[in-house]
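Number of protein chains: 2
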Amino acid sequence: MPNRSVFYVSDGTGITAETFGNSILAQFAAKPRHVRRPFIDTPDKAFQVVREINETALREGKRPIVFVTLVNTEIRDIVVNANAMVMDMFRTFVEPLEAELGIKSNHRIGRFSDASKSQEYDDRIEAINFSLMHDDGQSSKNLADAEVILVGVSRSGKTPTSLYLAMQHGIKAANYPLIPEDFDRGALPSGLAPHRKKCFGLTIAPERLAQIRHERRPNSKYSAIENCRFEVAAAEQMMRREGIAWLSSTTKSIEEIATTILRDIRPDRLVY
Amino acid sequence: MPNRSVFYVSDGTGITAETFGNSILAQFAAKPRHVRRPFIDTPDKAFQVVREINETALREGKRPIVFVTLVNTEIRDIVVNANAMVMDMFRTFVEPLEAELGIKSNHRIGRFSDASKSQEYDDRIEAINFSLMHDDGQSSKNLADAEVILVGVSRSGKTPTSLYLAMQHGIKAANYPLIPEDFDRGALPSGLAPHRKKCFGLTIAPERLAQIRHERRPNSKYSAIENCRFEVAAAEQMMRREGIAWLSSTTKSIEEIATTILRDIRPDRLVY
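Same order as they appear, the protein sequences are chains W and X.
Numbering of the first sequence is given in UniProt numbering, commencing with residue 1 and proceeding in unit increments.
Numbering of the second sequence is given in UniProt numbering, commencing with residue 1 and proceeding in unit increments.
In short, the hints are calculated from the structure, not lab data.
There could be a bad hint or two in this list.
Intra- or inter-copy, both count: the list cannot distinguish identical chains.
Said to hold, decoys possible - Straight-line Cα separation of at most 20 Å, PhoX-like style, residue types lysine-lysine; simulated pairs:
{"no.": "1", "residue 1": "Lys62", "residue 2": "Lys104"}
{"no.": "2", "residue 1": "Lys198", "residue 2": "Lys141"}
{"no.": "3", "residue 1": "Lys221", "residue 2": "Lys198"}
{"no.": "4", "residue 1": "Lys197", "residue 2": "Lys45"}
{"no.": "5", "residue 1": "Lys104", "residue 2": "Lys198"}
{"no.": "6", "residue 1": "Lys62", "residue 2": "Lys31"}
{"no.": "7", "residue 1": "Lys104", "residue 2": "Lys31"}
{"no.": "8", "residue 1": "Lys221", "residue 2": "Lys62"}
{"no.": "9", "residue 1": "Lys141", "residue 2": "Lys197"}
{"no.": "10", "residue 1": "Lys45", "residue 2": "Lys62"}
{"no.": "11", "residue 1": "Lys62", "residue 2": "Lys197"}
{"no.": "12", "residue 1": "Lys198", "residue 2": "Lys62"}
{"no.": "13", "residue 1": "Lys221", "residue 2": "Lys197"}
{"no.": "14", "residue 1": "Lys104", "residue 2": "Lys197"}
{"no.": "15", "residue 1": "Lys104", "residue 2": "Lys221"}
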């Protein structure tokens with residue numbers, strides 16, 4: 001599909017339209033051109049987008065695919081008249097849901113409008129700051145406030161996972177490295193001992209770990225396969241002994257790791 | 001809607017189902033109970049979810065709303081028979097798209113499968129590491145590799161925005177504070193001067209800034225409203241003089257800020 005364009009048209013950021021569209025397009029072995037048109041919130045802007053879509057259809061000889069999240073019906077009616085295959089999540093799902101719930105949708109513009117004023121949003125920002133402050137065992141202060149503490153050897157995926165949990169789910173996620181000194185002592189870092197129940201482990205295949213570490217410090221003891229094998233085995237042994245649940249990050253994305261952790265820790269405010 | 005449940009049922013992480021469902025539910029003034037059921041990838045698990053949905057319907061006296069992203073038709077057929085209003089994005093959108101494109105969908109399971117092996121995923125992880133290393137002006141090393149450098153006074157929203165750009169879009173986003181010493185000197189921090197074209201400014205209403213800083217350091221000069229007014233005015237004057245585009249983060253979420261920045265910087269690999 002080299003000569004085919006996909007448009008994301010929204011009166012907000014277009015993030016919902018794009019996530020929605022990507023999840024559908026991921027089902028196809030095709031790489032269409034992506035065109036984002038956020039903040040389309042006046043008829044003038046809508047007509048301009050329609051012109052652009054129609055010109056694209058002519059140029060490519062195929063009508064574009066258009067994912068829309070437009071709450072305002074006047075603007076939506078303009079866009080759906082473009083020479084395109086329009087996928088409209090609001091009309092398809094929101095309107096039937098109104099009937100089911102017996103209430104009218106409030107037709108808010110965009111899921112993030114006024115987000116910056118909500119408690120949920122403030123919690124997310126606070127969680128990001130918390131996770132940054134407690135990245136890589138930087139601080140054991142306020143660890144009691146952590147909802148989860150990721151542990152594992154250096155470069156097992158703790159940092160991006162902590163930040164993802166904070167950013168997407170507002171979870172205060174600290175992370176703490178397990179280092180050779182801990183293995184020599186045969187005990188968790190002392191700052192962690194009181195919080196063992198909140199710990200969740202990440203492990204990784206030694207071969208993959210060596211590869212990742214090699215990019216950072218080539219030809220070092222740190223990245224040597226024998227050392228990676230030793231650290232991973234020692235960390236798994238310690239987690240097993242301490243009764244810490246863990247998973248392997250080797251073939252998992254941070255989204256998949258985070259989902260598994262959430263299922264395990266079941267934070268009170270996220271009903272599972 | 002206190003006695004109403006919403007289920008997210010997926011054979012992957014359920015992130016797509018949840019984003020999709022949230023964007024639809026955001027249109028309603030209602031707070032249903034959320035129940036996530038990821039990794040439903042066998043008929044047994046599907047039957048178990050159906051039992052749970054049916055029991056919920058009985059208990060609440062209202063059939064639940066169920067958002068599904070199930071690629072496997074055998075599993076999907078089991079779940080759609082639950083006593084529920086089922087919203088199925090694949091059947092509704094993927095199948096018509098097959099007809100439009102004239103190709104079959106590859107029925108991949110989940111948008112993130114094999115994500116951990118893709119170049120795009122590696123770029124995201126690298127961008128997160130880059131943004132962390134270049135948070136708060138920590139390092140001017142490799143600033144040439146940054147795709148955008150956010151500048152602004154302390155607590156104007158630079159850090160969460162940089163991390164969001166990295167995590168969601170794989171953008172190498174550095175951030176650099178503008179501090180009183182810069183205003184006294186009347187010049188950008190020297191490390192930034194060669195990269196002025198990549199700078200993007202964040203500003204914020206002084207009242208909001210004082211409030212945020214107050215939570216951190218109450219009753220300090222740092223959080224005093226007069227000082228916040230001075231710093232914001234001086235930062236805006238500097239950005240104006242240096243020709244740096246900027247926006248106000250006061251009432252914007254990080255998603256909205258990031259979308260605006262992307263539209264402005266138009267990174268080569270994201271077609272706009």
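Hint check against the structure, violated hint numbers in rising order: Violated hints: 3, 4, 5, 8, 10, 11, 12, 13, 14 and 15; rest satisfied.
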